[in-house]
Amino acid sequence: MRSVPPQTGDTAPPLRLPTIDGQSFDLAEIRGRHVLVSFLRHAG
Amino acid sequence: MKVIKHHQRLDEAGATAVFVAHDDPVVLRESMLAGLSCPFPVLVDADRSSYEAWGLNRASFARIWLDPKVWKQYGRLLRSGERIRTMGTDTRQLGGDFILDPQGVIAYSRPQRRDDRPPVGRLLTVIEHGTPSS
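Each protein sequence line maps, in turn, to chains C and V. Using this note's numbering, read the first sequence as starting at 1 and increasing by one per residue. Using this note's numbering, read the second sequence as starting at 1001 and increasing by one per residue.
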C-alpha cells in the first residue's frame, strides 16, 4: 500500500539516516527550530 | 538545493535544512554536490525507506518525461548556464519539501507530483512568517 505524505499539522515521521560523510543523523535531535526537510528527486 | 544560496537567511530565522538523497554518495558528489559547499546535512537513503515513510512515491515515466513543463524547466536551466550532469539511479523517484516547526509538527507539506519544486521564496516565507506567500 502506498503511504501518504504528512500534511500540515501532522507530527513529522521519524528521519534517521547516515549522512553522506558516514555520520548518523536523527531529525529528532534538532528539534527546537524550524527545519526544512528536502527530499531530492535524483542526483542529476 | 537552491536554498543553499539562502543559508544566511535561514540562519537569521533560526532555522536549518536537511537534504535527503537516494543515490550513491559517489554519484552525489560527482553530480549535484560537485563544486558545492553545502552547509546542511545531506542524508543518504539508499533503500528509500524514508522516502516511503514520508509518502514519496515513484511517478510514471509519462508523468516525468512527457510533461512539457519538465522540458521547459530543463531548457531554462541550460540557458541560465547549468550544465548537463549524470542522471541518478532512478529518475522516476519523486521528492518533496517539508517544513517542520520547532515542535516537530509539519508547517508546510509539498510532495512532488512531477519534476516540480516550490519556489525558494515560498519556503523562506513559511519559515520566517509561518504562512506561504501567494
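It is worth saying that the hints were derived from the structure and are not from the lab. Only a predicted model underlies this, so the values are computations on that prediction, with no experimental measurement involved. Heads up, the beta-carbon is just placed ideally off N, CA and C, and yes, glycines get one too. Any given hint might turn out to be false.
[As the list claims (entries may be wrong)] Here are the computed distance ranges between Cβ atoms for each label pair:
id	chain 1	residue 1	chain 2	residue 2	range
1	V	Gly-1075	C	Thr-11	38 to 48 angstroms
2	C	Gly-22	V	Arg-1048	33 to 43 angstroms
3	C	Thr-19	V	Ala-1013	30 to 40 angstroms
4	V	Glu-1052	C	Asp-26	28 to 38 angstroms
[Said to hold, decoys possible] To give an idea of the chain C side of the interface with chain V (calculated C-beta under 7 angstroms), a few residues:
id	residue
5	Gln-7
6	Leu-17
7	Phe-25
8	His-34
9	Val-37
**Request:** Run the structure past the numbered hints and jot down the numbers of the failing ones, going up.
**Result:** 2, 3, 4
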